[in-house]
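Engineer: Protein chains in written order, with our numbering: chain R, 61 to 260; chain P, 17 to 211.
Everything labelled a hint here was simulated from the structure, so no lab data went into it.
Even glycine gets a Cβ: it sits at the ideal position worked out from N, Cα and C.
Please note that the accuracy of each hint is not assured.
[Unchecked claim] Have a look at the derived ranges for each label pair, beta carbon to beta carbon:
hint	chain 1	residue 1	chain 2	residue 2	range
1	R	Val158	P	Gln46	28 to 36 angstroms
2	R	Gly228	P	Ala32	36 to 44 angstroms
3	P	Glu151	R	Glu146	45 to 53 angstroms
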Amino acid sequence: VRIPGLRRDPHAPIGAYALDALPSAERARFERHLASCPTCPDELRGLAATAAELALAAAETPPPNLKGRVLADVAALSGARDLDAEIAALLSAPDALVASGATSAGGTATVVASLRAEAMVFTSVGLPVLPPSSVYELWFIGAGGARPAGLVPPVSGGAVPAPVLASGLSGGDAVGVTVEPAGGSPAPTTTPIVVLTLRA
Amino acid sequence: MSPPRPAREADPQGSADLDALLVRAGTGDQAAFEAVYDRVAAPVFGLIRRVLRDAAQSEEVAQEALLEVWRTAVRFDPARGTAVSWVMTIAHRRAVDRVRSETAAAEREARAAAFEPPPPADDVAEAVESSLEAERVRRCLDGLTELQRQSVTLAYYSGFTYPQVASALGVALGTVKTRIRDGLKRLRDCLGVSW
Numbered sequence: 061v062r063i064p065g066l067r068r069d070p071h072a073p074i075g076a077y078a079l080d081a082l083p084s085a086e087r088a089r090f091e092r093h094l095a096s097c098p099t100c101p102d103e104l105r106g107l108a109a110t111a112a113e114l115a116l117a118a119a120e121t122p123p124p125n126l127k128g129r130v131l132a133d134v135a136a137l138s139g140a141r142d143l144d145a146e147i148a149a150l151l152s153a154p155d156a157l158v159a160s161g162a163t164s165a166g167g168t169a170t171v172v173a174s175l176r177a178e179a180m181v182f183t184s185v186g187l188p189v190l191p192p193s194s195v196y197e198l199w200f201i202g203a204g205g206a207r208p209a210g211l212v213p214p215v216s217g218g219a220v221p222a223p224v225l226a227s228g229l230s231g232g233d234a235v236g237v238t239v240e241p242a243g244g245s246p247a248p249t250t251t252p253i254v255v256l257t258l259r260a
Numbered sequence: 017m018s019p020p021r022p023a024r025e026a027d028p029q030g031s032a033d034l035d036a037l038l039v040r041a042g043t044g045d046q047a048a049f050e051a052v053y054d055r056v057a058a059p060v061f062g063l064i065r066r067v068l069r070d071a072a073q074s075e076e077v078a079q080e081a082l083l084e085v086w087r088t089a090v091r092f093d094p095a096r097g098t099a100v101s102w103v104m105t106i107a108h109r110r111a112v113d114r115v116r117s118e119t120a121a122a123e124r125e126a127r128a129a130a131f132e133p134p135p136p137a138d139d140v141a142e143a144v145e146s147s148l149e150a151e152r153v154r155r156c157l158d159g160l161t162e163l164q165r166q167s168v169t170l171a172y173y174s175g176f177t178y179p180q181v182a183s184a185l186g187v188a189l190g191t192v193k194t195r196i197r198d199g200l201k202r203l204r205d206c207l208g209v210s211w
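In isolation and in its complexed conformation, chain R is listed as follows (with noise of 0.2 angstroms):
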């Protein structure tokens, strides 16, 4: 609402943005006026450090069970970010290779491994969903044996299991897969359902 005869300053609604206090279309108008404005952003920097002043002034302690579930929902938003990229990373190595086969058991297994990393990812589509009690375990099988290499997280029906990323690839090393008892076993226990060879 204007005055008439009042010209508009285009600087009075500082205080009220710096607070939160302009309805939206006010607060779009004054963030115009604020990209082209050399002396704003040295007044909001000192109203905005103000206002921090009053939050501090309403400090109160938080209930003490919010610092875990903070905590917890950073780690999972931060392992969910550093598994993606290190899966974008490995997906694009120079030297990736990539290996994919039928299992005996049903469905797809694929590999993408990368010898300078050490490291492969593994993704599957179509394997039969297992009883709790048992789990798909991933095998790097070289000239010394099989040595864990991670396990398949259990998926319910005809969803995909989420990629696994897996670290301790040696030159040579053929993936595998087997059936395991819940939590894994140091060994497989049981007859791999696929072999996947790594050539170059």
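Put chain P on the given structure of chain R with help from the hints.
Structural biologist: This is chain P only, laid out in the frame that chain R set:
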């Protein structure tokens, strides 16, 4: 009474330290983020609770705000403001977004506030931490005109838009806009905010 201008100790909140921690959190350092949490969780929660009042809702919004701090820390630039400002801006915005998503509730509050003055800074029954800081801010708030003080606290602590403040206080829109800006500047000078 004219409040003495409080002398600011050299970095009493260790704010430079907090800036560095937030920068480290931005690189994905979870331990640094935990240290940030320990420093800001109480004001974040207290501020949100002032705005929302409801304890359970405040806890939920505080969790969202703190997670947003983690997600956006990579964009924090200490040359453009302090970490405390950055964090409290996020917390306040989250709180007012929640309040305004329930327009009817906000209007109800605006009507109620016309009859009931906002609680002064020292009137909160719950354990208020850093009482020195609260006392310093309260004294500076007392140094404002009544209209400046009410405009600033209704906007910040109650999450009102300035038109809501105007209607709650029965004054013109332009007056509220000016009082908020002048009140904040006077507070800034009284608190010795260095930015």
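Engineer: Hints first: check each against the structure and report whether it holds.
Structural biologist: Here is what the structure says about each hint:
For Val158(R) paired with Gln46(P), a C-beta distance near 34 angstroms keeps the hint of 28 to 36 angstroms intact. Gly228(R) and Ala32(P) have their C-beta atoms about 43 angstroms apart, which keeps the hinted 36 to 44 angstroms range intact. Between Glu151(P) and Glu146(R) the beta carbons are some 50 angstroms apart, a value that agrees with the proposed interval 45 to 53 angstroms.
The structure is consistent with each of the numbered hints, conforming to all of them.
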